[in-house]
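Q: Sequence:
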Amino acid sequence: MRKSNSFKKFLVCIIMFSFFVGRFAIKKSKEVEAAELTAGLIDNRDEVTIVPKHEPTGDVRKFLGIWMTSGYSLQPQANAYTIEGTPITLYTDAGRSFLTTILTFTSWQHYQWYESSDGKKWSSVSDKKGGDKRNLTVTPTEVGVKYYQLRTAWYMLFGPTIFDPQVWSQVATVHALDSDVDVTDLKVTTDDDYIYNLKNDITTTSTYARADIEPKDFTGTVKWSIDKPEIATIDEDTGLIEANTRSISGEVKVTATAINSSNGGIKEASTTLMVGGGLEDQTVYAGETATFKLMGNIGEFEDQEDLAYSIRWFKEDPIDHEQEEIEVGKNSISHTTPVTTLDDDGTEIFAHIEVKTGGKKYEYDTNKAKLNVLSKDGPEISIDDTLTNKTVSDKNDSATMLFDVIGNDNLVYDTKITNNSSGSRLKNATYYLPIRKGTKVNNVLVDGTDSDYQINTDGKSDDIVEISGLNFGINQSHTIEIDIKIGDVNKRETYRSTGYIHGVDDNDTAYQKFSEARTINLITNKLEYSVNDIDYGSIKPIANEKLIYRQEKTNWPNNILDIDDMRRNKTALKLFLSQEAPLKDDQENELQGHLKYINDDSEADLLNSSAIVSETSGGQEMNSLSWRTDKGVLLEMNNKLNKSGSYHAKLNWTFVDSVQ
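Each residue of the sequence shown is one higher than the one before, counting from 1 in the working numbering.
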């Protein structure tokens, strides 16, 4: 068992109550008359005029990844079909506009479902039946129809008020048939055809897959799957697709499987979706131009009247990494290069997008897309690269990207360089590979044989491995293997390395070619964390057995404990919290109150016992800790008089290895 104890002092003032800590080692919508809706029923019943409990808010409107309006990105099915006695679930997903989020930053969603048998008279679904849940499962007890509508609200105080922002779903009609209906045809679409693998407030990192099923009164179920979960994941029930946030790009295949309830028979259909950083690499011949265009559902910037924006384009030199802004002031969603030359090969292009709206600024950089420039007459060099961690492999590793690399790991850069030309050679060439400062080169092989090499250490962030004397005849190849050991790693970082070859052709004209970037994601192999300040505000001398809540800055979504779990071997952990001694001021007067830890299931007096405040399973990362207003560490006062002053105590945060 491993323990790591850390202590932090916090002060309780009758005027001000605060927590002193440091870094540890280890529109609301206006009530309107509901519109009438007409539902045409497939099961041969008469059309029914539906009067919703409340006028539906509608679907959300997004721009980039910003919710411009509050609403639903996943509505409950307008018509859902099952058979008598078989449960069916209505899935939803609602969100707030950026402006509402600012006004209700610390609020969370509260749900209430309503039901109706005639489409006119509505009653709330009890909590016991799941009426307070985001998704509602219903089991019809007889053949017929029933109607459901969801209200999602963000409470601004501790309970519902007329001022709380809220959104109403469309009405869902659940049809209970007397016999199953099987699938005959199936089509799949996604709301977006491109999502970002960059984690920030502005990009679209998720989307929904939709199934169009024939016949419409299909009574079976639909399950979702995706072929490359390292690139994107999908919820098998709702079809929510979420991109990875580790900058892994690629195309994924999204598959819907419709399963008949009658016989278990299936029908499948698929579509594809791209995941990336916003720009794609471009390849042209020397003398041509190349166009880089922002990918994804970016909409039309000029149509967004309620926001200000800027799009700035940059290029980066592949050797010295100097950056230069291009197309200044144009705000274009694409960039077309001037006529290219071979010297432009390997240049990286990226865009910086900045959006200002509602008094807040959002910004992000796209990925760096590579410009490949080919020669029409000279050598035709191709470079194939791989990168391997010989010490350990990670499930997310790819041929050119490694994850969770730590100090002393043994890595190998493998490169195959080929001259595909049938009429031109590359002579007197040198291969250059940047490596991270502090890296040790174990050995270099060329075509399987030990080779001489030099290391240029003049760079600020890179050392350069140089292998000279390479010659490429017609259709000739060379293989290069550079074996290295990683130096010390003191923080989470990402290191990108782009190798290149430089030589002359048969006319003694200079020629160079760049490879693809290879990326090492480095970690410290430690769990790093820090505790943030807590402020309980002013407290009356007699608090009348009152429970004192924390101030907003230490409530969700802000963290009380920031954790960066960089352990490579993520064993199961438990995090315990306890109070070492009573709250006292500098004169040893004891505060008539104590700290309690409160969660959904239990309460614990931290002075007399310890509480488990976070727990992980083996292989699971421990995340940062945040508490809603009425949960976590709260101060419970006794009905006794307190002297004015500042009170303090120590809290113990203890991480313990857990046996599963």
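Read the hints as simulated data drawn from the structure, not as lab findings.
A portion of the hints provided could be inaccurate.
For lysine-lysine, the following PhoX-like pairs were computed, each having C-alpha atoms within a straight-line distance of at most 25 Å [what the hints assert, rightly or not]:
{"#": "1", "residue 1": "K146", "residue 2": "K133"}
{"#": "2", "residue 1": "K437", "residue 2": "K546"}
{"#": "3", "residue 1": "K437", "residue 2": "K491"}
{"#": "4", "residue 1": "K485", "residue 2": "K62"}
{"#": "5", "residue 1": "K546", "residue 2": "K491"}
{"#": "6", "residue 1": "K526", "residue 2": "K596"}
{"#": "7", "residue 1": "K440", "residue 2": "K199"}
{"#": "8", "residue 1": "K546", "residue 2": "K574"}
{"#": "9", "residue 1": "K460", "residue 2": "K485"}
{"#": "10", "residue 1": "K293", "residue 2": "K62"}
{"#": "11", "residue 1": "K356", "residue 2": "K62"}
{"#": "12", "residue 1": "K267", "residue 2": "K293"}
{"#": "13", "residue 1": "K395", "residue 2": "K596"}
{"#": "14", "residue 1": "K596", "residue 2": "K640"}
{"#": "15", "residue 1": "K427", "residue 2": "K376"}
{"#": "16", "residue 1": "K440", "residue 2": "K416"}
{"#": "17", "residue 1": "K223", "residue 2": "K133"}
{"#": "18", "residue 1": "K128", "residue 2": "K631"}
Q: Confirm or reject each hint.
A: Right, here's what the structure says about each hint:
no.	hint	in the structure
1	K146 / K133	18 Å, holds
2	K437 / K546	57 Å, violated
3	K437 / K491	14 Å, holds
4	K485 / K62	46 Å, violated
5	K546 / K491	44 Å, violated
6	K526 / K596	30 Å, violated
7	K440 / K199	33 Å, violated
8	K546 / K574	30 Å, violated
9	K460 / K485	19 Å, holds
10	K293 / K62	20 Å, holds
11	K356 / K62	15 Å, holds
12	K267 / K293	37 Å, violated
13	K395 / K596	41 Å, violated
14	K596 / K640	18 Å, holds
15	K427 / K376	18 Å, holds
16	K440 / K416	22 Å, holds
17	K223 / K133	21 Å, holds
18	K128 / K631	23 Å, holds
Figure legend: structure checked against the earlier numbered hints; hints not met, in rising order: 2, 4, 5, 6, 7, 8, 12, 13.
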